[in-house]
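*Asks:* The primary structure of each chain is shown beneath.
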Amino acid sequence: MDSTGPLSTDGLVSMLTHEGVPVEHETFSRYVQNLDAEELRQMWRAMTVVRAWDLEATSLQRQGELGLWVQSLGQEGAQIGSGRALRDNDFVFPSYREHGVAHLQGVDLVEVLRIFRGLQHGAWTPAEHNFHLYTLVIGAHSLHATGYAMAKAREQKANPEQEPGAVVAYFGDGATSQGDVNESLIFASVYNAPIVFFCQNNQYAISESVTRQTKVPLADRGRGVGMPTIRVDGNDVIACRAVTEWALDHARSGKGPVFIEALTYRMGAHTTSDDPTRYRDKEEEQYWADRDPIARLDTYLSARGELSDEFREDVAQEAKALGERARSTVKSWKRPPLLDMFKDVYALPHAAVDAERVWFERFQESFDTEEAGR
Amino acid sequence: MTTLTMAGAINAGLRAAMERDDKVTLMGEDIGKLGGVFRVTDGLHADFGDDRVMDSPLAESGIVGTAIGMAMAGFRPVIEIQFDGFIFPAYNQITTQLAKMHYRSRGDIQLPVVIRVPYAGGIGAIEHHSESPEALFAHTPGLRIVSPANPQDAFDLMQQSIACPDPVMFFEPKARYWDKGEVDTARVAAQLDGATGPANATAEMGKARVARQGSDVTLVAYGPTVRLALQAAEVAAEDGTNVEVIDLRSISPMDSDAVVKSAKRTGRVVITHEASTAFGVGAELSARVTEQAFFHLHAPVLRVGGFSTPYPGATFEHEFLPNIDRVLDAVDRVMKH
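Residue numbers (our numbering), protein chains in the order written: chain L, 1 to 374; chain B, 375 to 711.
Take the hints with a grain of salt, since some may be wrong.
[Unchecked claim] Quick partial rundown of chain L residues pointing at chain B, CB under 7 Å, derived from the structure: (1) Gln178; (2) Asp180; (3) Gly323; (4) Asp344.
Source of the hints: derived by calculation from the structure; they are not laboratory data.
For glycine and all other residues, C-beta sits at the position ideal for the given N, C-alpha and C.
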C-alpha cells in the first residue's frame with residue numbers, strides 16, 4: 001500500500017494484530033492497562049450483539065418490513081472501542097451508522113428501526129442517552145457537536161467543581177470533504193472546545209473510494225488546524241478504546257480538541273439500496289474480512305481461555321432474543337394517527353400549520369361522515 | 375419614551391435580553407470590538423465580555439451550526455450574518471437542521487436561536503449587499519421570520535424573538551438603521567414576564583400592525599417598504615385616495631387575517647416588498663386574500679417588488695426597487711376598477 005496516501009498504515013496505532021496477537025504501544029498502552037478479561041469480554045459481547053442485530057435488521061428490510069437499512073457491519077471495533085471510553089458527562093453526536101455507540105449509550109436498538117420503517121425521523125430522546133439523533137446530511141452535525149462543546153466549556157468555566165465532560169462527533173471519510181466538518185475543526189480549535197472528532201475512515205462514501213476525498217491521511221486534516229491527531233487501526237477495538245480514552249482525557253482537562261482517524265472497512269453495502277459488486281472486488285473484501293474486528297478479539301480471548309462456551313451461549317441468546325423482539329415489535333407497529341404529521345413543527349402555535357391541521361382534520365372527517373351516511 | 379435609531383433600538387433590545395438572561399449569547403463576524411459592520415452591537419462586547427459577545431471565524435455555516443449546538447446545551451444564541459447575500463453558506467444549516475430539529479426530535483429539542491440579517495437595498499452597495507432572501511426561508515417550515523420597520527418594533531421584536539423557543543430569522547432593513555423614532559422601552563418587558571412570557575411574546579410578534587388607516591386601498595408592506603408605503607399613502611391622499619397601510623411585521627407566520635379583514639373593507643389590495651415579485655411573499659399573500667376575500671375584491675391584487683433579475687448595480691437600484699412612482703401606479707390601477 002502507498003505509504004503516504006489515505007490508506008497508508010504508517011503510524012497506525014495498533015494493540016491487537018489481525019491474528020489476535022497483542023502489541024505494546026509506548027504512548028497508549030497505559031490507557032488500557034486496567035482492562036481486565038471481563039471488560040474485554042463485555043466489548044466482545046457488545047460487538048457480537050450489535051452485529052447480529054444489524055444482520056437481523058437487514059433481513060427485515062429484505063422482507064419489506066423496513067424501507068431501508070444502514071449497516072454498521074465491520075465498524076464494530078471502532079464504535080465499541082471508542083464508545084466504551086465515554087463517561088456519564090460526555091455527549092455523542094453520531095452520523096447515522098453508529099448503532100454500536102447507540103447500543104452502549106442505552107438506546108434500544110429495536111426503537112431505532114422506527115426511523116427506517118418511516119414512522120418518524122428521530123427515535124430516542126437525546127438528553128436521556130447523551131446521544132444526539134442521527135443526522136443524514138453528511139457532516140452537518142459536526143458543527144452542532146462543536147457548538148455543544150463550546151457551551152460545555154463555558155459551563156465548566158462557570159462551575160469548576162463540576163465533573164468535566166467532553167463531546168464526541170462521529171463522521172466518516174466522505175464527510176471530511178464537507179465544508180461543515182472543516183469549519184467544525186476551525187471553530188473547535190480557535191475556541192479550544194472539549195471535543196473529539198472521531199472519523200471512521202471506512203474507505204467508502206457509497207461507491208467512491210476515500211482516494212476521491214483525500215490524497216493524504218485524513219488525520220492530517222486535524223493537524224492542519226493545530227490539534228493533536230491520531231491514526232488508529234479501527235478494527236482493533238483495544239487500540240480504539242485506548243486512543244479515545246486519551247483523547248477524551250485531553251478534551252475534558254481543557255486542552256482542546258483531538259482528531260482521531262480510525263482506519264476501518266465498511267464490510268457491508270452503504271445501505272440496502274447499494275450494490276458494492278459494481279465498484280469493488282472480492283479480493284479486497286476478503287482482505288478486510290481477514291481483519292474482522294470481532295474475530296481478532298475472539299482469537300485473543302479464546303487463546304487465553306477467556307471465552308467460555310457458557311459465555312458464548314449467553315451472548316448468542318441475548319442476540320437471538322433481541323432479533324426476535326425486533327421481528328415481533330416491528331411488525332406490531334401501527335401507523336401513528338395522521339394528525340401526528342402536524343405535531344412539533346414549532347414549539348408554540350403557528351397560524352399556517354394550525355390552519356392546515358384544522359382543515360385536514362375536517363377533510364378526513366368528511367370521509368367518515370360519508371361512510372356513516374351510506 | 376426615548377428617541378432611538380433602529381440600530382440603537384436593536385442594540386438596546388439585545389442589551390435588555392442579555393441582562394434578563396445570562397444564557398443569551400451573541401456570535402458573529404466583527405460583532406465584538408468593532409461592534410459589527412453596522413455598529414448594531416456597539417458597546418456590548420465591552421460590557422459583557424468575550425464569552426457573551428463572540429467574534430466568530432469567517433464561516434456562516436459554522437456560525438449557525440455551532441449556534442444550534444449551543445442552543446441544544448441550553449444557551450440562547452443571537453447570531454449575526456453580516457449581509458443578506460452572505461447567508462447562503464449557512465442555508466443548509468438553517469433549512470435542514472435549525473428549522474427541522476424540533477420536528478425531528480418530536481419536540482425534545484427546542485432551538486431558541488435568533489439569526490439577525492441586515493438585508494435589503496437602497497444604500498448604494500456593491501453586489502451581494504442589498505438582497506432580500508426572506509421568501510426562501512418563509513418557504514421552510516420550522517422557522518419564524520420577522521422584519522421590523524421602525525425603532526419601536528425593532529426593540530420589541532428583538533426581545534420577543536429571543537424569548538421565543540423556536541428559531542427566528544430577524545431581517546433588519548439596513549437602509550432604515552438610522553431612522554429615528556420614539557421607543558417605549560417598558561412596553562415589551564411586561565409581556566416577557568412569567569411562565570407565559572415566551573407564549574405571549576411569540577403570539578405578539580406574529581401580529582401585523584395597521585400603520586395608517588384608510589378606506590379605499592389596502593397597501594401591505596414590511597421592513598424597508600413600510601416607510602415607502604406611508605409616503606405613497608400621503609401622496610395618494612392629495613389625489614383623494616384614502617390608503618390603509620398594513621405593516622406585516624411577521625412573514626412567518628403571516629398575519630393574513632389582518633390583511634383579509636382590511637381587504638373586505640377596501641376591496642383593493644396592493645403589496646410591496648423589495649424582494650423579486652415572482653414567487654415572493656406578495657404572491658403568497660395575494661393567494662390568501664383571493665381565497666378568503668374574493669367576493670369583496672373590486673380589483674385584482676397587485677404586487678410591486680423587485681424585478682426577476684439579480685440585484686443590479688447600485689446605479690439601477692432606484693428603478694429596480696419598488697419606488698413611490700411604481701407603488702402609486704399600482705394604487706391607480708386598482709382604483710380604476
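*Asks:* Against the structure, test the hints numbered earlier, and report the numbers of the ones violated in rising order.
*Replies:* As far as the earlier hints go, 1 and 3 are violated by this structure, in ascending order.
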